[in-house]
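Taken in sequence, the protein lines are chains A and B. Quick note: the first sequence uses UniProt numbering, first residue 1, plus one each step. Quick note: the second sequence uses UniProt numbering, first residue 1, plus one each step.
These are calculated hints, taken from the structure and not from any lab test. Source: prediction; values computed, not measured. Note that the Cβ used here is the ideal one computed from N, Cα and C, for glycine as well. Careful: at least some of the hints might be erroneous.
What the hints assert, rightly or not - The calculated label-pair distances, taken between Cβ atoms and stated as ranges, are:
(1) ASP86(B) - ASP222(A): 32 to 42 Å
(2) ASP166(A) - ARG134(B): 24 to 34 Å
(3) ARG135(B) - HIS186(A): 47 to 57 Å
(4) THR71(A) - GLU27(B): 47 to 57 Å
Unchecked claim - A few chain A positions that, by computed beta-carbon distances, are all more than 10 Å from chain B:
(5) ASP41
(6) GLY44
(7) HIS47
(8) ARG96
(9) GLN129
(10) LYS170
(11) HIS186
(12) ASP188
(13) GLU202
(14) ALA221
(15) ILE230
(16) THR275
This is what each chain is made of:
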Amino acid sequence: MSTIDPILWNDWHPVAETCTLLSGPPVETVLLGVPLVIAADADGAFHARRTDDVPLHQDERYGLVWVCLGTPERPVLAIPEADEPDRPAVTVGSIRVQTAGPRVIENFLDLGHLGYVHARYLGDDPHTQVLPYKVDALPEGGIIATGCKMFQPQASPAATEGFMVDYVYKVERPLATCLYKANPVHRDRFDVIFLFAQPVSEEESIAHPLLLCLPDGTTAADLRTFQQLIFMQDKPILENQVPKRLPLADGAELPIAADKSSVAYRRWLSKIGMTYGVIPAQARAA
Amino acid sequence: MILYDAHHVAPAYAVRLLAGFLGLPLELQGMDVYPGHDDRSDEFLALNPLGTLPVLVDGDTVFTDWQEILAHLALAHGPDWYPATDPALVGWLGIARDLAASAGAARLMQTFCVPGDLAEAKAQAERLLDEVERRMWFAERAGHGWLLAGTHPTIADIAAFVSIAPCEDGGLSLRDRPALRRWCDRVRFHPGFVPMSGVFPPMANT
Ligand SMILES: [Fe+2]
Chain A
1 MSTIDPILWN
11 DWHPVAETCT
21 LLSGPPVETV
31 LLGVPLVIAA
41 DADGAFHARR
51 TDDVPLHQDE
61 RYGLVWVCLG
71 TPERPVLAIP
81 EADEPDRPAV
91 TVGSIRVQTA
101 GPRVIENFLD
111 LGHLGYVHAR
121 YLGDDPHTQV
131 LPYKVDALPE
141 GGIIATGCKM
151 FQPQASPAAT
161 EGFMVDYVYK
171 VERPLATCLY
181 KANPVHRDRF
191 DVIFLFAQPV
201 SEEESIAHPL
211 LLCLPDGTTA
221 ADLRTFQQLI
231 FMQDKPILEN
241 QVPKRLPLAD
251 GAELPIAADK
261 SSVAYRRWLS
271 KIGMTYGVIP
281 AQARAA
Chain B
1 MILYDAHHVA
11 PAYAVRLLAG
21 FLGLPLELQG
31 MDVYPGHDDR
41 SDEFLALNPL
51 GTLPVLVDGD
61 TVFTDWQEIL
71 AHLALAHGPD
81 WYPATDPALV
91 GWLGIARDLA
101 ASAGAARLMQ
111 TFCVPGDLAE
121 AKAQAERLLD
131 EVERRMWFAE
141 RAGHGWLLAG
151 THPTIADIAA
161 FVSIAPCEDG
171 GLSLRDRPAL
181 RRWCDRVRFH
191 PGFVPMSGVF
201 PPMANT
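Whole structure, please, built from the sequences with the hints as guidance.
Written as structure tokens, this is what we have:
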């Protein structure tokens, strides 16, 4: 038995991109402090193993190899949009971040940073104001933020002009989040962008962005480049946040209106009793 | 001019940066080198058998070495950036190449999960950063702002900058290297500067 947070120990986490494995050497990585090696065999099948050869559970979905170190209580997160034939799943690559997984997820939810950290792409002066939006609990656990709006000069590679972009954010598992945003060409349908945070240790993660975008003339390579550019802008911001573990106590860091989804995310983690990569509320009060 | 390019690859950024300073239009040919492997395709290897980025195609000539590309563009479009009579240029370009092989390699390992000896890369980078800091500190005392003596930045500044400025992505720091921080700011404020993710434009820190 592991003493690590059962919420993460018994859940699925992405550990490698299949495209990297198919054309390269095995990938060595770490999940919840456990060293892993993932390789593709001659038939193109993927094999993940612990370096100490303790058995694990593995799966392959959306261009990612998934591992559960404990006892899986449910399958890998279902993504209905991945079944739509005109939405290829495009992985963006493994990007290491020296901070806790929940910090990575919380940053993704934060509308307030778009106009500053991603100026000229996902927001811009003087359009940095965050308009009111709604946050609700999801029936299966997690949170959903709806009615989010942001003026974006370059919402995605295919955007030829700035426009007011509608957003919906969801967090369905502690380290899996996604957003739905209007596609610049098909403005009545949404592009879907997922972000999974692989917990390496309590204070280190590997981000695995996944794109399920509508065909708008953008190549997979362009989508990857754009998303890497955006995420690499977030990385130094994330790494300068102190403490690296996400504090869950109410008021631990000053909430502003734009932080509504962040507050809801922290409260939800607190409610389910998450302990890994966070500073639990009671620990802080003690 | 066509530049085979990837946004996060520091030597490719060096070429984009010099083109920005010189006001040169580049036709960027984006390559999916991560997590894809466009650099290992037969088509690209036919262009550059070493499979490295960037590659510049200027008319009928193909350049496959990033420092040679910097030299070519400077000689053709901005000779101030290439002080051929100063032997220090060779030394600094060598240090910049060593920085790419240490600080640059550490960044690829630490951020993009490229396999390698991270501790060794960082140790070598620390030695180089200390030495560049030491030299820049004395250069500032002598009234110079750039790696080479003189009033104008050179391709050596660009070649070193692309490894030094984003060094935190490799687990390194400029916190105790104030002369290097000031030098980075001078590069960032030079007219025509273009950013790379992780290297902020001048406004972002103010
Ligand atoms: Fe961001």
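Results of checking the hints against the structure:
1. ASP86(B) - ASP222(A): 32 to 42 Å: Holds: the Cβ-Cβ distance is about 41 Å, inside 32 to 42 Å.
2. ASP166(A) - ARG134(B): 24 to 34 Å: The hinted range 24 to 34 Å is violated for ASP166(A) and ARG134(B), with Cβ atoms some 53 Å apart.
3. ARG135(B) - HIS186(A): 47 to 57 Å: The hinted range 47 to 57 Å holds for ARG135(B) and HIS186(A), with Cβ atoms some 55 Å apart.
4. THR71(A) - GLU27(B): 47 to 57 Å: 54 Å, holds
5. ASP41: 18 Å, holds
6. GLY44: Nearest chain B Cβ is 15 Å from GLY44(A), so the label holds.
7. HIS47: Given that every Cβ of chain B is farther than 10 Å from that of HIS47(A), nearest at about 18 Å, it holds.
8. ARG96: 6 Å, violated
9. GLN129: Consistent with the label, GLN129(A) stays out of reach of chain B, its closest Cβ about 19 Å off (over 10 Å).
10. LYS170: 24 Å, holds
11. HIS186: Check passes; 23 Å lies beyond 10 Å.
12. ASP188: 29 Å, holds
13. GLU202: 17 Å, holds
14. ALA221: 4 Å, violated
15. ILE230: Since the minimum Cβ distance to chain B is about 8 Å, ILE230(A) lies within 10 Å and the statement is violated.
16. THR275: 26 Å, holds
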